[in-house]
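There are 2 protein chains.
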Amino acid sequence: MRKRNLKILRTKQGCVALAAILMSAVVTAPHAAEPAVAASPNGITLPSDYRNWRLIASSQRNDNNTLRVILGNDTAIKAARTGNTNPWPDGAILCKLVWKDAIHEHWETAVIPGEFVHAEFMVKNSGKYRETGGWGFARWTGMDQRPYGKDAAFAQECFGCHTPMKNNDYVFTHPAKLP
Amino acid sequence: MRKRNLKILRTKQGCVALAAILMSAVVTAPHAAEPAVAASPNGITLPSDYRNWRLIASSQRNDNNTLRVILGNDTAIKAARTGNTNPWPDGAILCKLVWKDAIHEHWETAVIPGEFVHAEFMVKNSGKYRETGGWGFARWTGMDQRPYGKDAAFAQECFGCHTPMKNNDYVFTHPAKLP
Chain A
1 MRKRNLKILR TKQGCVALAA ILMSAVVTAP HAAEPAVAAS PNGITLPSDY RNWRLIASSQ
61 RNDNNTLRVI LGNDTAIKAA RTGNTNPWPD GAILCKLVWK DAIHEHWETA VIPGEFVHAE
121 FMVKNSGKYR ETGGWGFARW TGMDQRPYGK DAAFAQECFG CHTPMKNNDY VFTHPAKLP
Chain B
1 MRKRNLKILR TKQGCVALAA ILMSAVVTAP HAAEPAVAAS PNGITLPSDY RNWRLIASSQ
61 RNDNNTLRVI LGNDTAIKAA RTGNTNPWPD GAILCKLVWK DAIHEHWETA VIPGEFVHAE
121 FMVKNSGKYR ETGGWGFARW TGMDQRPYGK DAAFAQECFG CHTPMKNNDY VFTHPAKLP
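As given, the protein sequences belong to chains A and B, one line each in that order. Oh and the first sequence: position 44 is 44 in this note's numbering, straight run, nothing missing. Oh and the second sequence: position 132 is 132 in this note's numbering, straight run, nothing missing.
Be aware that one or more of the hints could be misleading.
Remember, identical chains collapse to one label, so a pair may be satisfied in a single copy or spanning two.
[Said to hold, decoys possible] With a straight-line Cα cutoff of 16 Å, these simulated EDC-like cross-link-like pairs (lysine to aspartate or glutamate) come out: (1) 128 x 63; (2) 78 x 101; (3) 150 x 49; (4) 78 x 144; (5) 100 x 131; (6) 166 x 120; (7) 177 x 90; (8) 150 x 74; (9) 96 x 115; (10) 100 x 115; (11) 166 x 151; (12) 78 x 108; (13) 128 x 90; (14) 177 x 115.
These aren't lab readings, by the way, just hints derived from the structure by calculation.
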């Protein structure tokens, strides 16, 4: 009788475990169904939660007619809010979201985000990325998030463009003033 | 002896309680020391955590040379990401942060946030703010966050300007496309 009870208990535990596995499968299914975003040729992977990162600044470029918003992960936000951005601390990640300029349908002097162009990332790791100013660069293009660059050498292109900002830790972005 | 022990216990409890109060005072002191931001003349108070809200869109206005970033509270973000913004749900709050245009020192065709101008809010409550399209308006100006408007009638000025957007629930902002 004791053995039988144990068997029932085991069966119950099994059911609970099975239910937990099934629940877990249901909860993770939508993510599993999403097409995976390929890594950048230098091995940097797309941070999964960048859409939830907080604001650092914005910009609008008249040379290529784009609007930009710069977000940061928690480490970057802490650095930006305490003025510790030269250098940025290891672990900081900056994300620049870029859209083509569009014109607001009811305010013709207002430039608004049109077609999405790309998301660019700068990952601070002063040891790992010593050859490119302590920053790992990565970019995913378009709504289908295609990684930019044929091979890892693409980062030299990014770094070259950031060289004028050497005295600002190679970062163009200045955190926007906020009360 | 039992009475004495009880007294010691009471004293210990008192010490613990006092310590808890002191700890609480230390933890809350930085906030308490900040100057309080006055409410808008229509009674809307400044949301304390708007700097941590997530991104909805950005814009740049050539008529008054300002850069803008539009953030939303959790209710607004959920609505924006699921395409439920016409109308926006009750509880949604939109925050528009505005800076004067400045020019980047190493990229002269890049407009970046200069002096902070103001933070504007639209609070959706279709019952409470029925007379202004279901939206409560509020604005705090400058780094010292002075509430805008002499009296509650200032909201008519805001609402008047938003009238062309009646078919978009009186909101100029279109959530920016993101992958």
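Hints, one by one, checked against the model:
| no. | hint | in the structure |
| --- | --- | --- |
| 1 | 128 x 63 | neither (33 Å within a copy, 46 Å between copies) |
| 2 | 78 x 101 | neither (30 Å within a copy, 25 Å between copies) |
| 3 | 150 x 49 | neither (25 Å within a copy, 42 Å between copies) |
| 4 | 78 x 144 | neither (31 Å within a copy, 22 Å between copies) |
| 5 | 100 x 131 | neither (32 Å within a copy, 36 Å between copies) |
| 6 | 166 x 120 | neither (19 Å within a copy, 36 Å between copies) |
| 7 | 177 x 90 | neither (23 Å within a copy, 30 Å between copies) |
| 8 | 150 x 74 | neither (30 Å within a copy, 39 Å between copies) |
| 9 | 96 x 115 | within (15 Å within a copy, 21 Å between copies) |
| 10 | 100 x 115 | within (5 Å within a copy, 25 Å between copies) |
| 11 | 166 x 151 | neither (24 Å within a copy, 50 Å between copies) |
| 12 | 78 x 108 | neither (37 Å within a copy, 28 Å between copies) |
| 13 | 128 x 90 | within (10 Å within a copy, 48 Å between copies) |
| 14 | 177 x 115 | between (28 Å within a copy, 7 Å between copies) |
Violation of the numbered hints given earlier is confined to hints 1, 2, 3, 4, 5, 6, 7, 8, 11, 12; the remaining hints are satisfied by the structure.
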